[in-house]
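Protein chains in written order, with full-length UniProt numbering: chain W, 1 to 149; chain G, 1 to 149; chain C, 1 to 149; chain L, 1 to 149; chain S, 1 to 149; chain F, 1 to 149; chain V, 1 to 149; chain Y, 1 to 149.
These are calculated hints, taken from the structure and not from any lab test.
Be aware that a few hints might be false.
As the list claims (entries may be wrong) - Heads up, simulated DSS-like pairs for lysine-lysine below, C-alpha to C-alpha not over 30 Å straight-line:
1. L:Lys54 x C:Lys133
2. G:Lys133 x F:Lys54
3. V:Lys4 x V:Lys133
4. Y:Lys88 x F:Lys86
5. Y:Lys54 x F:Lys54
6. Y:Lys4 x F:Lys4
7. F:Lys133 x W:Lys54
8. S:Lys86 x S:Lys133
9. F:Lys54 x F:Lys4
10. S:Lys54 x V:Lys54
11. S:Lys4 x V:Lys86
12. V:Lys54 x S:Lys88
13. F:Lys4 x Y:Lys133
14. S:Lys88 x S:Lys133
15. C:Lys88 x L:Lys86
16. C:Lys54 x L:Lys88
17. S:Lys86 x S:Lys4
18. F:Lys4 x Y:Lys86
19. Y:Lys133 x Y:Lys54
20. G:Lys4 x W:Lys86
21. Y:Lys4 x F:Lys133
22. F:Lys133 x Y:Lys133
23. W:Lys54 x G:Lys54
There are 8 protein chains.
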Amino acid sequence: MALKVYLSGEIHTDWREQIVEGAQGLDVSFNSPVTDHAASDDCGVAILGAEDNKYWHDHKGAMVNAIRTRKGIADADVVVVRFGEKYKQWNAAFDAGYASALGKSLIILHGPDHAHALKEVDAAALAVAEDPKQVVDILRYVLTSTLPS
Amino acid sequence: MALKVYLSGEIHTDWREQIVEGAQGLDVSFNSPVTDHAASDDCGVAILGAEDNKYWHDHKGAMVNAIRTRKGIADADVVVVRFGEKYKQWNAAFDAGYASALGKSLIILHGPDHAHALKEVDAAALAVAEDPKQVVDILRYVLTSTLPS
Amino acid sequence: MALKVYLSGEIHTDWREQIVEGAQGLDVSFNSPVTDHAASDDCGVAILGAEDNKYWHDHKGAMVNAIRTRKGIADADVVVVRFGEKYKQWNAAFDAGYASALGKSLIILHGPDHAHALKEVDAAALAVAEDPKQVVDILRYVLTSTLPS
Amino acid sequence: MALKVYLSGEIHTDWREQIVEGAQGLDVSFNSPVTDHAASDDCGVAILGAEDNKYWHDHKGAMVNAIRTRKGIADADVVVVRFGEKYKQWNAAFDAGYASALGKSLIILHGPDHAHALKEVDAAALAVAEDPKQVVDILRYVLTSTLPS
Amino acid sequence: MALKVYLSGEIHTDWREQIVEGAQGLDVSFNSPVTDHAASDDCGVAILGAEDNKYWHDHKGAMVNAIRTRKGIADADVVVVRFGEKYKQWNAAFDAGYASALGKSLIILHGPDHAHALKEVDAAALAVAEDPKQVVDILRYVLTSTLPS
Amino acid sequence: MALKVYLSGEIHTDWREQIVEGAQGLDVSFNSPVTDHAASDDCGVAILGAEDNKYWHDHKGAMVNAIRTRKGIADADVVVVRFGEKYKQWNAAFDAGYASALGKSLIILHGPDHAHALKEVDAAALAVAEDPKQVVDILRYVLTSTLPS
Amino acid sequence: MALKVYLSGEIHTDWREQIVEGAQGLDVSFNSPVTDHAASDDCGVAILGAEDNKYWHDHKGAMVNAIRTRKGIADADVVVVRFGEKYKQWNAAFDAGYASALGKSLIILHGPDHAHALKEVDAAALAVAEDPKQVVDILRYVLTSTLPS
Amino acid sequence: MALKVYLSGEIHTDWREQIVEGAQGLDVSFNSPVTDHAASDDCGVAILGAEDNKYWHDHKGAMVNAIRTRKGIADADVVVVRFGEKYKQWNAAFDAGYASALGKSLIILHGPDHAHALKEVDAAALAVAEDPKQVVDILRYVLTSTLPS
Numbered sequence: 001m002a003l004k005v006y007l008s009g010e011i012h013t014d015w016r017e018q019i020v021e022g023a024q025g026l027d028v029s030f031n032s033p034v035t036d037h038a039a040s041d042d043c044g045v046a047i048l049g050a051e052d053n054k055y056w057h058d059h060k061g062a063m064v065n066a067i068r069t070r071k072g073i074a075d076a077d078v079v080v081v082r083f084g085e086k087y088k089q090w091n092a093a094f095d096a097g098y099a100s101a102l103g104k105s106l107i108i109l110h111g112p113d114h115a116h117a118l119k120e121v122d123a124a125a126l127a128v129a130e131d132p133k134q135v136v137d138i139l140r141y142v143l144t145s146t147l148p149s
Numbered sequence: 001m002a003l004k005v006y007l008s009g010e011i012h013t014d015w016r017e018q019i020v021e022g023a024q025g026l027d028v029s030f031n032s033p034v035t036d037h038a039a040s041d042d043c044g045v046a047i048l049g050a051e052d053n054k055y056w057h058d059h060k061g062a063m064v065n066a067i068r069t070r071k072g073i074a075d076a077d078v079v080v081v082r083f084g085e086k087y088k089q090w091n092a093a094f095d096a097g098y099a100s101a102l103g104k105s106l107i108i109l110h111g112p113d114h115a116h117a118l119k120e121v122d123a124a125a126l127a128v129a130e131d132p133k134q135v136v137d138i139l140r141y142v143l144t145s146t147l148p149s
Numbered sequence: 001m002a003l004k005v006y007l008s009g010e011i012h013t014d015w016r017e018q019i020v021e022g023a024q025g026l027d028v029s030f031n032s033p034v035t036d037h038a039a040s041d042d043c044g045v046a047i048l049g050a051e052d053n054k055y056w057h058d059h060k061g062a063m064v065n066a067i068r069t070r071k072g073i074a075d076a077d078v079v080v081v082r083f084g085e086k087y088k089q090w091n092a093a094f095d096a097g098y099a100s101a102l103g104k105s106l107i108i109l110h111g112p113d114h115a116h117a118l119k120e121v122d123a124a125a126l127a128v129a130e131d132p133k134q135v136v137d138i139l140r141y142v143l144t145s146t147l148p149s
Numbered sequence: 001m002a003l004k005v006y007l008s009g010e011i012h013t014d015w016r017e018q019i020v021e022g023a024q025g026l027d028v029s030f031n032s033p034v035t036d037h038a039a040s041d042d043c044g045v046a047i048l049g050a051e052d053n054k055y056w057h058d059h060k061g062a063m064v065n066a067i068r069t070r071k072g073i074a075d076a077d078v079v080v081v082r083f084g085e086k087y088k089q090w091n092a093a094f095d096a097g098y099a100s101a102l103g104k105s106l107i108i109l110h111g112p113d114h115a116h117a118l119k120e121v122d123a124a125a126l127a128v129a130e131d132p133k134q135v136v137d138i139l140r141y142v143l144t145s146t147l148p149s
Numbered sequence: 001m002a003l004k005v006y007l008s009g010e011i012h013t014d015w016r017e018q019i020v021e022g023a024q025g026l027d028v029s030f031n032s033p034v035t036d037h038a039a040s041d042d043c044g045v046a047i048l049g050a051e052d053n054k055y056w057h058d059h060k061g062a063m064v065n066a067i068r069t070r071k072g073i074a075d076a077d078v079v080v081v082r083f084g085e086k087y088k089q090w091n092a093a094f095d096a097g098y099a100s101a102l103g104k105s106l107i108i109l110h111g112p113d114h115a116h117a118l119k120e121v122d123a124a125a126l127a128v129a130e131d132p133k134q135v136v137d138i139l140r141y142v143l144t145s146t147l148p149s
Numbered sequence: 001m002a003l004k005v006y007l008s009g010e011i012h013t014d015w016r017e018q019i020v021e022g023a024q025g026l027d028v029s030f031n032s033p034v035t036d037h038a039a040s041d042d043c044g045v046a047i048l049g050a051e052d053n054k055y056w057h058d059h060k061g062a063m064v065n066a067i068r069t070r071k072g073i074a075d076a077d078v079v080v081v082r083f084g085e086k087y088k089q090w091n092a093a094f095d096a097g098y099a100s101a102l103g104k105s106l107i108i109l110h111g112p113d114h115a116h117a118l119k120e121v122d123a124a125a126l127a128v129a130e131d132p133k134q135v136v137d138i139l140r141y142v143l144t145s146t147l148p149s
Numbered sequence: 001m002a003l004k005v006y007l008s009g010e011i012h013t014d015w016r017e018q019i020v021e022g023a024q025g026l027d028v029s030f031n032s033p034v035t036d037h038a039a040s041d042d043c044g045v046a047i048l049g050a051e052d053n054k055y056w057h058d059h060k061g062a063m064v065n066a067i068r069t070r071k072g073i074a075d076a077d078v079v080v081v082r083f084g085e086k087y088k089q090w091n092a093a094f095d096a097g098y099a100s101a102l103g104k105s106l107i108i109l110h111g112p113d114h115a116h117a118l119k120e121v122d123a124a125a126l127a128v129a130e131d132p133k134q135v136v137d138i139l140r141y142v143l144t145s146t147l148p149s
Numbered sequence: 001m002a003l004k005v006y007l008s009g010e011i012h013t014d015w016r017e018q019i020v021e022g023a024q025g026l027d028v029s030f031n032s033p034v035t036d037h038a039a040s041d042d043c044g045v046a047i048l049g050a051e052d053n054k055y056w057h058d059h060k061g062a063m064v065n066a067i068r069t070r071k072g073i074a075d076a077d078v079v080v081v082r083f084g085e086k087y088k089q090w091n092a093a094f095d096a097g098y099a100s101a102l103g104k105s106l107i108i109l110h111g112p113d114h115a116h117a118l119k120e121v122d123a124a125a126l127a128v129a130e131d132p133k134q135v136v137d138i139l140r141y142v143l144t145s146t147l148p149s
């Protein structure tokens, strides 16, 4: 068994790197959204032409990013969604809902403070973790039947 | 043509009532989540038995609420998702993603301050409105070809 | 909102009647398998001709019963599966898996003794109840936002 | 033609090894659930943290195991479900129902004593075998048109 | 429970009338292809203009008939396919395959002489009957749990 | 049998009225896009606010119209697409492709001059008509087995 | 572009070999049912145990063969169905219907004598050929844009 | 991440070559329809036999071309549809609608003069470009997070 994993959500800490590194040696391939914040915000106008109106500036970028996001989620067996300490992170919750409706196995990753606010999102998940290492442990267990020692 | 509309999201203002009232006379039927906050939080333990652990208290409730939410979205032609001024509202963004993956027509309703944070959600929508009256105007136009005078 | 509910599983106690009666006044319609044990076992040969071989006798009946079972589950919004104290009840677990793969909202109903043996089945459910009254309470809450007093 | 086969069910005898060994030389790849009973029971709490309540202990494990089970069944062309002599084995019947609803080719493997109790499950199958060697013979025939001599 | 039944296949005997009459009082609605052989052959050219070439004459008619056939099968819960004594009846077998791939409950109706030639078709069915009365008995049993006396 | 028919395409002649009138007495219900050209062009800005940029003016309107168009096609059994003498009519061809991918029964309506340019669209259809009366004749035949006299 | 092609139907002439040979050098992979008539008839009982009743003898074999047939059709981009001069060949027509409902590209291969009897089957096809060489020519054109010289 | 891209539409300029060349070094594979106009028009009759009637001449060709077109779109992650300056190009708009209903990421490529006529098609797209280089820039950004400098 090989797993395709999409890493959605928070882009300000190195949780993706921790998971990718921790999963070395496992038969997992990872995808994620563009995590360069500036590029992600401006890709629409940088490629397709400037917009006077900030709303359409944002809209063009969000649409271009959706090409990558949809492909990443559609191809995934497991979608990990990380909620960080700051910001609204509505795109993370949107991805979780989108992945859930497609029947993907969801792992939600967040600190205990967010537990109540995320209860509907957590309820759609097969695992709720606090720590990237736990996600790695799940991937290892799923692929090799080995529990952390 | 008749439309089934699901009203998801913020539960602290009367936006649902405004839409339902405004749509009187149109061939629309509405569904929504349970909007009684306390009942929604406690339904799991009230019906299925108390939990010592707050996480499982919340989880049981979120699962029971999902019976209604999933049915409401699955049956809908149009899903309206309202983001209010306060709170994380991750369940609203989750519903938007869930509805989007099912191919529902999405209308997102929020004030201009949230535009940047909601750009990925808005990008999945067929309309982005600021005011419940605009949602009513859309429903009227879709059903009767009549624009607001 | 109206709910279509399929009542699968154990046929030796009156749990279906308790739920149907308890749900009076709610906008619910119920379906269930044939609960006449003898008819259910013999329907295949009674209609389509006798079989010398017990295996094919059973097989013909199981196939005819599947016409009703599949239709009942396919049409349902909510599938309730009851595991009783006795018998293997593999058809109940089969129905739960079938309904789960179709994305139906599952409610599993069983006594605490079966909790460990049913953990994979319960894990696919939105609610796990011990008592038919709890199923009624869930249906009432989902349809009317009212908790048991 | 190559076949992906998922081996679900009983974990106390070496039936999986018999099939995998017997199928050597055929273009078949096998997947199965975690068959280490203790690891399978405890994976949830071992990775995601202890639970006081036995129900949630089990639940967390069952959810983590579902990541592997769902992937294994979703990827499979053929799902073999083995019912042993002992235990309730409701997860096996659940997997059979789940696989059936996804349109997988089912092979059910059990002794003659279980025939009546499994008649609904058998009725969803394309083959009912008593012996792992028969499963190997089916795979060989399907892939090479060769019957056992 | 109400059943929608599509009656496909042989058009030269009164088997449809026998079933419809026998099912009076049951909650069943029936659909069938156009059974007027001449109209069915000529509908394409009669409506859309003559063709010199017999192949396209037939083609235009078959396409127009497909509007009805596809709708009838898509809407059905149960598809009954009758094979008579004469003719190739490839459209009947095509309908059976089409219905099978859509997951419809199939009942195949034919005399014992055709059993070997129809074995692949029968293998996709939930019931194989020889007599229209048996189809009625199945419908009655599925809807009312009553076996023929 | 009752048919739901969506009438897509050209909005400058009375072909829809001819079909609706001709189909009186048949069990058909019709839907169509908004056919008021000005309202259809301006609905986005009239409801959701003006745009300086003509492109976004058009875009907002096209998105709002899509709520009606998608619902109309999704609900339909038969989609009739009319290509008139003038204009690009790319939305008509888009609707035909959209309906085709959803498996709807397509009827294409156009004059003989367009036959070569529409050959790929016609190839996806079950009928190609030149005259609204032919569409009525098809609907009558599909529903009542009656050919035009 | 690479094509997966399933060759269904008649097993008494060498049409499959002609197509496979003719397509050498093209990026095509072929699958087909078991074409050893005796093995195909007896596989069920040879592997799973003898049956006294000829009907169940046939049934067991047809079910085992369905494992291969369903996989072959499900994996295919193009399904070629050949109708020969003799026999009922209902399994060929069944495969055509099954493939059609799954949205596969169908090529039907038969002599002109069968045109009228196969008109509904042909109407579901993208090409109707008389000669295996024409099937090869289609595959070459689809993959390389080259017409036969 | 690797992308499969289908290049639909206009066949009279070298826009496909520009995109394929520009995307060298990226993990993209391209498909497209047959772009040899004469071969595309005549493939049906060249392979399957001449037709007297121009309509059926065209029809046979369009059907054979559909084998390639459907496969190309079904396999694609991204469908680019180019509208040129001339001709009706209804097949391009049809492909856009077909791809949209399958949930493919659409990029529409056209000059500003066509913006109003294409507004419904553009509204279904994730990007609207004027220049093949912009399509390359999107593919590079989606795959490598790099914006054009």
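Verification of the supplied hints:
1. L:Lys54 x C:Lys133: Cα-Cα ~24 Å, so holds.
2. G:Lys133 x F:Lys54: holds (24 Å)
3. V:Lys4 x V:Lys133: holds (18 Å)
4. Y:Lys88 x F:Lys86: holds (10 Å)
5. Y:Lys54 x F:Lys54: It is violated: about 42 Å lies between the C-alpha atoms, which goes past 30 Å.
6. Y:Lys4 x F:Lys4: Between Lys4 (chain Y) and Lys4 (chain F) the Cα gap is close to 36 Å, so the pair fails against 30 Å, i.e. violated.
7. F:Lys133 x W:Lys54: violated (51 Å)
8. S:Lys86 x S:Lys133: Since the Cα atoms of Lys86 (chain S) and Lys133 (chain S) sit roughly 21 Å apart, the hinted pair holds (cutoff 30 Å).
9. F:Lys54 x F:Lys4: violated (35 Å)
10. S:Lys54 x V:Lys54: violated (42 Å)
11. S:Lys4 x V:Lys86: Distance of about 36 Å is beyond 30 Å: violated.
12. V:Lys54 x S:Lys88: holds (23 Å)
13. F:Lys4 x Y:Lys133: With Cα atoms ~44 Å apart, Lys4 (chain F) and Lys133 (chain Y) exceed 30 Å; violated.
14. S:Lys88 x S:Lys133: holds (24 Å)
15. C:Lys88 x L:Lys86: holds (10 Å)
16. C:Lys54 x L:Lys88: Since the Cα atoms of Lys54 (chain C) and Lys88 (chain L) sit roughly 23 Å apart, the hinted pair holds (cutoff 30 Å).
17. S:Lys86 x S:Lys4: holds (28 Å)
18. F:Lys4 x Y:Lys86: violated (36 Å)
19. Y:Lys133 x Y:Lys54: The given pair, whose Cα atoms are some 39 Å apart, is violated under the 30 Å limit.
20. G:Lys4 x W:Lys86: Distance of about 36 Å is beyond 30 Å: violated.
21. Y:Lys4 x F:Lys133: violated (44 Å)
22. F:Lys133 x Y:Lys133: Violated - the C-alpha atoms of Lys133 (chain Y) and Lys133 (chain F) are around 48 Å apart, more than 30 Å.
23. W:Lys54 x G:Lys54: Not satisfied, since the Cα-Cα distance of roughly 42 Å exceeds 30 Å.
Consistency note: the structure conflicts with the earlier hints numbered 5, 6, 7, 9, 10, 11, 13, 18, 19, 20, 21, 22, 23.
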